[in-house]
Amino acid sequence: MTHAAVLHCRILPSSPFSHISSSGSFQVLNFKPIHVLVPVRVAGGLLFELLGQSAGDPFVDEDDIPIVLRSWQAQKFLVTALHVKGSTSNINVLGIAEVQEILAAGSTNIPLSIHEIVAHLASRLARWDNRLFRKSIFGAADEVELMFMNRRTHEDMHMFSILLNQEIRRLSTQVIRVKWSLHAREEIVVELLQHLRGNAARALLEGIRKSSREMIEEQEAVRGRLFTIQDVMQSTVRSWLQDKSLTVTHNLGVFGGCGLVLSIITGLFGINVDGIPGAEGSPFAFTLFSFLLFLVGAALSGIGLLYLGLKNPSIEDDVEVRKLELQELVRMFQQDAESHAQVRKTVPRTSLPPTAADRLPNSAGYVLIS
Numbered sequence: 004m005t006h007a008a009v010l011h012c013r014i015l016p017s018s019p020f021s022h023i024s025s026s027g028s029f030q031v032l033n034f035k036p037i038h039v040l041v042p043v044r045v046a047g048g049l050l051f052e053l054l055g056q057s058a059g060d061p062f063v064d065e066d067d068i069p070i071v072l073r074s075w076q077a078q079k080f081l082v083t084a085l086h087v088k089g090s091t092s093n094i095n096v097l098g099i100a101e102v103q104e105i106l107a108a109g110s111t112n113i114p115l116s117i118h119e120i121v122a123h124l125a126s127r128l129a130r131w132d133n134r135l136f137r138k139s140i141f142g143a144a145d146e147v148e149l150m151f152m153n154r155r156t157h158e159d160m161h162m163f164s165i166l167l168n169q170e171i172r173r174l175s176t177q178v179i180r181v182k183w184s185l186h187a188r189e190e191i192v193v194e195l196l197q198h199l200r201g202n203a204a205r206a207l208l209e210g211i212r213k214s215s216r217e218m219i220e221e222q223e224a225v226r227g228r229l230f231t232i233q234d235v236m237q238s239t240v241r242s243w244l245q246d247k248s249l250t251v252t253h254n255l256g257v258f259g260g261c262g263l264v265l266s267i268i269t270g271l272f273g274i275n276v277d278g279i280p281g282a283e284g285s286p287f288a289f290t291l292f293s294f295l296l297f298l299v300g301a302a303l304s305g306i307g308l309l310y311l312g313l314k315n316p317s318i319e320d321d322v323e324v325r326k327l328e329l330q331e332l333v334r335m336f337q338q339d340a341e342s343h344a345q346v347r348k349t350v351p352r353t354s355l356p357p358t359a360a361d362r363l364p365n366s367a368g369y370v371l372i373s
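So this note's numbering is basically just the index in the sequence shown, starting at one, shifted up by 3.
One or more of the hints may lead you astray.
[What the hints assert, rightly or not] Calculated pairs, DSSO-like style, for lysine-lysine (alpha carbon to alpha carbon, straight line, at most 27 Å):
#1 K138 <-> K247
#2 K79 <-> K326
#3 K138 <-> K182
#4 K213 <-> K247
[What the hints assert, rightly or not] For each label pair, taking beta carbons as the anchor points, the in silico distance ranges come out as:
#5 V193 <-> R154: 42 to 50 Å
#6 Q197 <-> R173: 34 to 42 Å
#7 E209 <-> L106: 16 to 24 Å
#8 H198 <-> S110: 36 to 44 Å
#9 Q237 <-> F294: 46 to 54 Å
#10 Q177 <-> F62: 16 to 24 Å
#11 R44 <-> R173: 20 to 28 Å
#12 D234 <-> R44: 24 to 32 Å
#13 R228 <-> V45: 37 to 45 Å
#14 A224 <-> G300: 26 to 34 Å
#15 D234 <-> N202: 27 to 35 Å
Hint data in this document are derived by calculation from the structure and do not stem from the laboratory.
Computed from a predicted model, the values in this text were never measured in an experiment.
Built from N, CA and C at the ideal position, the CB exists for glycine as well.
Let the sequences and hints guide you as you build the complete structure.
In structure tokens form, the structure reads like this:
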């Protein structure tokens, strides 16, 4: 068995590059940082980067933080520096932890060379990346679709579209970042295939490349679903607005007819109030007639406000309340799915009208098939 030395450290991006020699003493190489495409041969070794995620704690609503494992491999030695792309209270890179467990266990599955260790690191990081991407980002597209399909019958589609558009914009940005990360991973793996030796290491890298290609295709499908949901939602909003405009047009026609009747009455009797039968010698006829017209106008206005109403524009509080309701719906749906709850609920036989078979006595010596 070939023994390899692995040193894992956490340094800042501005720290000098640390190199461990074969004798175990540290040598600090101070040089100006250069921007190169990795993997690349540097200082007699292979300089490369591996991308991953630090899984957040779901009990404290902590987000997953991207990490970059910058590594330098020479002969039997591997130096790694973990760069966390954000702030977190606890670093939990499951891919690295699994490789450390494999090395500490010393079983038959232990890597036999430093190249296999690099391949295992890349494989485990990519595997957890895929799982976290599918759960937190690709799964969120299912949540958006679930929210859209569970809208209320008389839902305010304007407020509902504002809510879903916010979610779709956020998810679209994250999906694009996932795409860039997958392309970067695929490029790194292709380069590592040119530098690493050994059938086991190359088999692991080939598996990473295949899974990365599948994830890219899945990401494209998720983007297509988001755009489809947005298109269907926009057409639904247009249909909803058209229905409301038809209702308003109909109601305006009804009240316009009432206004036309008032105009005719005013035109006939408004100029010569004394011409109204029974109004001769009455000095208050004009005042009474004006008051009656005012009452009729107020009644029509009240009916219009009752049936049409003055709806206030959607405010952020309404959007947040509806968002919390939909999130609770998604959470309950996920709990039922994860606990394998019953999906199809049959109607109990007792709630249905009796059949011919139900009228037969239990002691009958035959069975009636209906």
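**Study point:** Assessment of proposed distance window 20 to 28 Å (beta carbons of R44, R173)
**Key:** Since R44 and R173 have Cβ atoms about 41 Å apart, the given range 20 to 28 Å is violated.
Check your understanding: Holds or violated: K138 with K247, Cα cutoff 27 Å?
Key -> Between K138 and K247 the Cα gap is close to 39 Å, so the pair fails against 27 Å, i.e. violated.
Check your understanding: Quick one: are H198 and S110 within 36 to 44 Å, going by C-beta?
Key -> violated, 27 Å
**Study point:** Assessment of proposed distance window 16 to 24 Å (beta carbons of E209, L106)
**Key:** holds, 23 Å
Exercise for review: Take a look at whether the Cβ-Cβ distance between D234 and N202 falls inside 27 to 35 Å.
Suggested key: About 48 Å separates the Cβ atoms of D234 and N202, which means 27 to 35 Å is violated.
Exercise for review: Confirm or reject the claim that R228 and V45 have a C-beta distance inside 37 to 45 Å.
Suggested key: For V45 against R228, whose Cβ atoms are near 43 Å apart, the range 37 to 45 Å holds.
Review point. Does the Cβ distance between V193 and R154 fall inside 42 to 50 Å?
Key: holds, 45 Å
Practice item. Starting from K79, check that the Cα of K326 is at most 27 Å away, please. Key: Answer violated: K79 to K326 is near 54 Å, above 27 Å.
Point to revise | Hint consistency between K213 and K247 [alpha-carbon to alpha-carbon, up to 27 Å] | key: Answer violated: K213 to K247 is near 51 Å, above 27 Å.
Point to revise | Assessment of proposed distance window 34 to 42 Å (beta carbons of Q197, R173) | key: holds, 38 Å
Review point. Cβ-Cβ distance between D234 and R44: within 24 to 32 Å?
Key: Violated, at about 49 Å.
Check your understanding: Between A224 and G300, does the beta-carbon spacing fit 26 to 34 Å?
Key -> With Cβ atoms ~60 Å apart, the hint is violated.
Checked against the numbered hints given earlier, this structure breaks hints 1, 2, 4, 8, 11, 12, 14, 15; the rest are met.
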